[in-house]
Amino acid sequence: MTTYQEFIQQNEDRDGVRFSWNLWPFSRQDATRLVVPVSCLFTPLKERPNLPPVQYEPVMCSRANCKAVLNPLCQVDFRAKIWACNFCFQRNPFPPSYGGISEVNQPAELMPQFSTIEYIVQRGPPAPLIFLYVVDTCLEEEDLQALKESLQMSLSLLPPNALVGLITFGRMVQVHELSCEGISKSYVFRGTKDLSSKQIQEMLGLTKPAAAVGQQGRPLAPQDAAASCRFLQPVHRVDMNLTDLLGELQRDPWPVPQGKRPLRSTGVALSVAVGLLEGTFPNTGARVMLFIGGPPTQGPGMVVGDELKTPIRSWHDIQKDNARHLKKATKYYEALANRSAVNGHSIDIYACALDQTGLLEMKCLSNLTGGHIVMGDSFNTSLFKQTFQRVFNKDYNGDFRMAFGGVMEVKTSRELKVCGTIGPCVSLNSKGSCVSENEMGIGGTSQWKVCSLDPSTTLGIYFEVVNQHNAPVPQGGRGAIQFVTQYQHSNTQRRIRVTTVARNWADAQSQIQHIESSFDQEAAAVLMARLGVFRAESEEGPDVLRWLDRQLIRLCQKFGQFNKDDPTSFKLSESLSLYPQFMFHLRRSPFLQVFNNSPDESSYYRHHFVRQDLTQSLIMVQPILYAYSFHGPPEPVLLDSSSILPDRILLMDTFFQLVIYHGETIAQWRKAGYQDMPEYENFKQLLQAPLDDAQEILQTRFPMPRYIDTEHGGSQARFLLSKVNPSQTHNNLYAWGQETGAPILTDDVSLQVFMDHLKKLAVSNSV
Amino acid sequence: MSQQGYVAAPPYSQAQPGMGGYQGGFGAGPAQPLYGHYGGPPQAFNAPPTGMMKSPVSSAAGMPPPPVSTHYNPNAQQNGAHPQRFAAPPTVPYSQSQHPLYNNMASPGLPPAQQLTNQMSAMNLGNYAPGPMQSPPPPTSSVTQQPFQTSPPPVMGQPQMPPGPQSPHMSPQMSSPLSPPPTMTMAGPPMGGMGSPFPGPPPPGPGGFQPSGLGPAGPPGFPQQAGQFGGHMAGPQPGMPGAFPGAPAALAGPPQKKLDPDSIPSITQVIEDDKVKHGDEIYSTNIRGQVPPLVTTDFRVQDQGNASPRFMRCTTYSLPCTADLAKQCHVPLASIIKPFANLPANESPLYVVNHGESGPIRCNRCKAYMCPYMQFTDGGRRYQCGFCNCVNEVPAFYFQHLDHMGRRVDFYERPELSLGSYEFVATLDYCKNNKPPNPPAYIFMIDVSYNNIKSGLVRLICDELKTLLEKLPREEGAETPAIKVGFVTYNKILHFYNVKSALAQPQMMVVSDTAEMFVPLLDGFLVNYQDSKAVIHNLLNQIPDMFADSNESETVFAPVIQAGLEAFKAAECSGKLFIFHSSMPTAEAPGKLKNRDDKKLVNTEKEKTLFQPQKGVYEQLSKECVAQGCCVDLFLFPSQYVDLTTMADVPSHTGGSVYKYSNFQMETDGEHFLRDLRKDVQKSIGFDGIMRVRTSTGFRATDFFGAIHMNNTTDVEMAAVDCDKAVTVEFKHDDTLSEETGALVQCALLYTTISGHRRLRIHNLSLNCSSQLSELYKSCETDSLINFFAKSAYRAILNQPLKSVREILVNQTAHMLACYRKNCASPSAASQLILPDAMKVFPVYMNSLMKTAPLVGSTELSTDDRAHQRLSVMGMGVEDTQLLLYPRLIPLHNVDLNSDTPPLPLRCSEERLADSGMFLLENGHFMFLWLGQACPPDLIQSIFNLPSLAHLQGNMCALPELDNPLSRKVGSIVNGLLEKRPNSMKLHIVRQKDKPEMLFRQFLVEDKGLHGGASYMDFLCYVHREIRQLLT
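Just so you know, the sequences run in chain order H and A. Just so you know, we're using our numbering here: the first sequence kicks off at 1 and counts up by one. Just so you know, we're using our numbering here: the second sequence kicks off at 1 and counts up by one.
Keep in mind the hints are simulated off the structure, nothing from the lab. Heads up, a few of these hints could be off.
Claimed, not checked - In silico SDA-like pairs for lysine to any residue, Cα to Cα no more than 20 Å straight-line: (1) H:K198 / A:A515; (2) H:K193 / A:E566; (3) A:K500 / H:P590.
What the hints assert, rightly or not - Counterexamples of contact, computed for chain A against chain H with all Cβ distances above 12 Å: (4) G356; (5) T377; (6) H495; (7) Y497; (8) D513; (9) L522; (10) E730.
Said to hold, decoys possible - Partial list, computed: chain H residues near chain A (C-beta under 7 Å): (11) V188; (12) M203; (13) T207; (14) P253.
A virtual CB, placed ideally from N, CA and C, is assigned to each residue, including glycine.
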């Protein structure tokens, strides 16, 4: 029998699904007692090179409120040409085109290896991809130049038939007309005026005069719009124009008096962008790409005033309710994000500035629409340039690794209901029989809109077992879940990907060991973390930590082996052994701790945490530490202060940062220049090894991590020191004089202390 | 003056008996009574029964001359107006009490029909008979003049004493140049005029016209006239005869005599005389209170301590010493200041004085600027202010010893001590926000809506700008103009252009948010033309094509001004907007207008609303524009009513001009418009001006007229002031003025030059004061007076019915003249009309003023045109109003080809035209070439290169340039005039008896007005009657 490890891995590879539990207790009561809910991380567009899409429509259950897609779990009567839906047990005849099926001639969707299958469907005319650049011009000359170059470069990466548009803003907002010869035209909007979508469309001349047809400003059909919309044009047609236009782009010309911030009308610019797309291409895949070099300082969505003497809000201000613009701005951007999401347009934010840019307020733009957030210090850094380039990465077929306008639907067996989703999506408010009353994350619906997806976009989906405690094990012995994801492929095809998974029901009374061993602690840690992060958005930090702690203690009580009131006797099985450690690091992570992070940074980290897949998420929770030394090949080492040794080079990957840390001795050698001496070639190689590994990570990760090369005593070493478990601090230097690591100057508790507490609490009855 | 004349042979009438008939001829509106202009409400005429009832009484008493006066006395007393007539403060005439007076005047003055008719028809014929009828007058003239010779000996007409520099005592007179006797007596006729439709006016008295009017003209003239116009004439309207029983009677009475039109004072003659007198002299301004030559005379000014009359002119150069005197004479005390008047090449431009960092030296108390009227004392350590008499310390750096005359030794080295006009360099204290101003900017804002595209106007403007921008005005000595230029096009939305020199091609920025206008760009909108020439040309080439397919016909207007204003605000400069606009702004935006033209309002109490701008947006905009120094020039190309009153509100408060080209057509109006545009762009101009007029103690400036804005009662704010804009300032007494010290006026204008320097332009003028009214009348200046009256009347119509405004004007005229008669003229028969020499042509102007479109209540006239004229007059200087009210009529058929001087102008009357002649008429706004029916073909040939008049195309608007002396000569005359006038004029070529001739006839101001209004002669008689009434 394969181990659960293998099973989990196999499932992830095939379906992009990781469940917290791979055996499900079949009663509600038991499921609740498991502490970690039945839930999964689902990557809808997981890259499956071995999964060729099929070119026909899925066959659906004919029951109106079911509509589940025919899948390998269905019972099929080949003779009667009838299949039974495994969700509602409706018996459905096959459509005429399936007339020839038999046991030996099965359509792909019935084969077990096609538990995930992708359909290409023909619906309507192919819609072009749309890229609308929204560019802040209140940048330093250098930054603007770099940004212009990046944008110009990006044009060459777009498919020729993609539509592009350009909006620039500073004190004013300019919508550039792209198809004009001889003279460049732009429509200008005041940066301080909140305009309705209708006004924007009127001002852009997108609506025909009401008198003509009496259509009351109704947006044009996409075909008309394509002809009439001068602002969005196929790349191949306006390539040159746009390149020139970008080339001539100037910094915002309005003078910025001493002691003031430049006036930046980000709010209106976005509103115009959203309004423009809304009016021209509703329900067509589009990316609004916002590039900002500072916070919005005027008009709706303003985050901070233009007086430099009033600093941008900090966590402190927010806790003290001192952030004047926070609520208003957040509300404004949320409204925009929702409008955008309704139309299937996603919004990316590329924020490059040393100070905050208002991501806290604007995060919902990306979070709700599936857009990216990229945060950097300057547009003139490889971090931004590479990351931006990576947005246009292509897959093995030469298609963009992005999809648009995704709608994910979850169908469950009767014993399960879906509680909600945590990820870059919005609810479509589709109530159905499989929707739970009990909301976790974005709930109350069985359908979510994910305006932009990429192969790593991962949603956390939470379920509830609704079977009554004394009810028998459900028919068939297992519960099934089907994910139906409709989306617009980057090659403009409409596709539907269907993933159907099933897990066995188990009796929590008799099979608790089995259930315990089916626990996927990695998935569970990430899923719990997502819940924590989701809570942290709305609750005070300490409350969230307390909640997490309580969950952990309860889990340990449930599955730990111990003698009552004897902490030393406490033991956890292998399948749970790492879980407390994950929680320990999660507690210290920037996702829950705001200390030392600006509100923008917190938003940025959280944004990525709730959309990355399991591996990346785990790295975020507990960074990976590799050690390089002359003592052996590179090896992963404990994320612990004891791993910091003078003769080691450490490579830490926190997802957001890549830190190469040279131990004291190594640093001295390097300073002495040994690596340049031919006789110390091996030292040179040692120095090179972590660089190569780092390079590999840098090449593939999106967004590109911040690359930090530091050494013992270097100021940037703080990135490492803040992450490692402070097993040695100035308080417990029992090993003084021995080379067993580096003490961390912190009052934070170490993992050992944490575990001790945990054990103590777990074995006592008090919780 | 008789109505009979009109009844009998109304030139264009349907022969409705009474004055109504005349109007009917034009097929419009309510009958416009001839004398309605004098304030007689229609009822006055509609009440003939009353008149008739009274007439027998009056006529009975009125027969013998002496009783005439006695007869009037009771009459006047009846009205209760008599005692107050002379003493009444100026406000009284505006009161209602005048109203009944008119009524009564009409009725009581009914003389026996016989005598009256004689005169009436004579006068009438003289005035209205067309060409052929001219023949009779010559014989009459000698006779007519007889009575004049009876005037007192000392009263001599100027013409006879050319050598006499200024005959001091020439009080009386309507002196006709040819008729030596300067006094003209005229009796009664005006009453006749009034009463004529009724049984008849009273006899004027034996000393009056009867003897003189015995010319044979009447009888032959009458039938002729009738015949001539018979075609148009229908029988008397059936309904009317009853109401005007007198009419047939009048008709019956054959005209016996005719008053010679040449005998009444002639403007052309006055102008000619003044030219002869002052033409070549150098006019030195060293004498206080000296009356300058007429505006029509070319003279050279030498500034010797008083401002040149080009800058300042006064209604009188000798102020009455007391307010009572001023009140008594009714002569308005006013000065017309044209601070930027162009100086001819032979006069030196103003010196610029720099008093260093502390700024110009000013009196501590009244803040008057250092000027020749500051009296230095105490060895030069102090000076006494001539305005407020405050004694000030002389700043150390300015100290200078005095010579034996008490004059500073550096008197001649310092313009501010020896000249009437000069400029100071202003320091930062005089600048907005204490920052030196930026050079001004010109923004060209072109309406690119369908109409302007279709008419080709947009292309025309763009093409023209390419060359015109090369000629932007520049400061003297500057290499390139400092003025920046910017471009906007618009229809419903606005397009701004970035024409920064660094750009390869211009950038267009569209602003659709007209509700809250803003300027979308800063850098690159206002640029130096020379730097950005390539980009600008690129832009100007593209604009016409860019909008070639536009079918947007709606426009906005207020946002356009707002946009320009915001641009100036953003660039922190002042400047001028040139807006080329086609239609009423109906698009949804601030300042949206709707058609409120209502012909029904004409001649009602509410007529004034047609001249009142719609409240709101534009009012506010004007204020903001003035505050920023944003002048708006509006070029309108309407095809229908555009509510010019409102649209011109901003231009008329910001020192701007409004140009109007109705139904613009490229072929006929293109050149006309371009000439205007060129002049307008190249004009010398100052921006962001604040003018303050300070006076010496005893009087002060109380009222200001012009294209200005006033936030308080003293500071005249002008967003811009160019070389053609004048401000008329009215003065009132505070106290008694001293004959000895005279009166001083200092006009200080703080402004920004076209290259962005802040300057103070100072004009000083010293006037005499006198307790003798005769002095005052002697020093009057008719042209200035009429400028004042025009402006005050045009302002008054905003608040009062036209009727009462006209009444007031007549009243004022009568009062002024009556006061002269009473106090200054030698005793003479009451029937004599005695006019002060300096004002002898005043009635012509006044009559002409009352016949101008704004003051004539006629539905025939377009409301926009009336509003346009009203507004343009408000900013006019003396030259312009003079010309406007008395056009030049130049005969061209008999020009002396060898002479350099153009032919002498003729009097503006139809009878001066000749069938076989060719005449040029121009008034600064219109220009006509009138061709008589019998124009000799060779004349036509040489001017038009056409075989005959019949071949002439109707819509011709320019003369072909032909290679013959006559064509060249005519061409040079026409071009010379176009060159000289502030506005360009469209040349209308009209043939006698063609329909367009009507338009032409409006400008024959000595004739009866087309849309109502009396002939000169009628008016004179009427005024005379008024005077007599005042005197008795």
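Comparing the hints with the structure gives:
| no. | hint | verdict |
| --- | --- | --- |
| 1 | H:K198 / A:A515 | holds (15 Å) |
| 2 | H:K193 / A:E566 | holds (17 Å) |
| 3 | A:K500 / H:P590 | violated (49 Å) |
| 4 | G356 | holds (32 Å) |
| 5 | T377 | holds (51 Å) |
| 6 | H495 | violated (8 Å) |
| 7 | Y497 | violated (8 Å) |
| 8 | D513 | violated (6 Å) |
| 9 | L522 | violated (5 Å) |
| 10 | E730 | holds (45 Å) |
| 11 | V188 | holds (3 Å) |
| 12 | M203 | holds (3 Å) |
| 13 | T207 | violated (12 Å) |
| 14 | P253 | holds (4 Å) |
Comparing the model with each numbered hint stated earlier shows that hints 3, 6, 7, 8, 9 and 13 do not hold.
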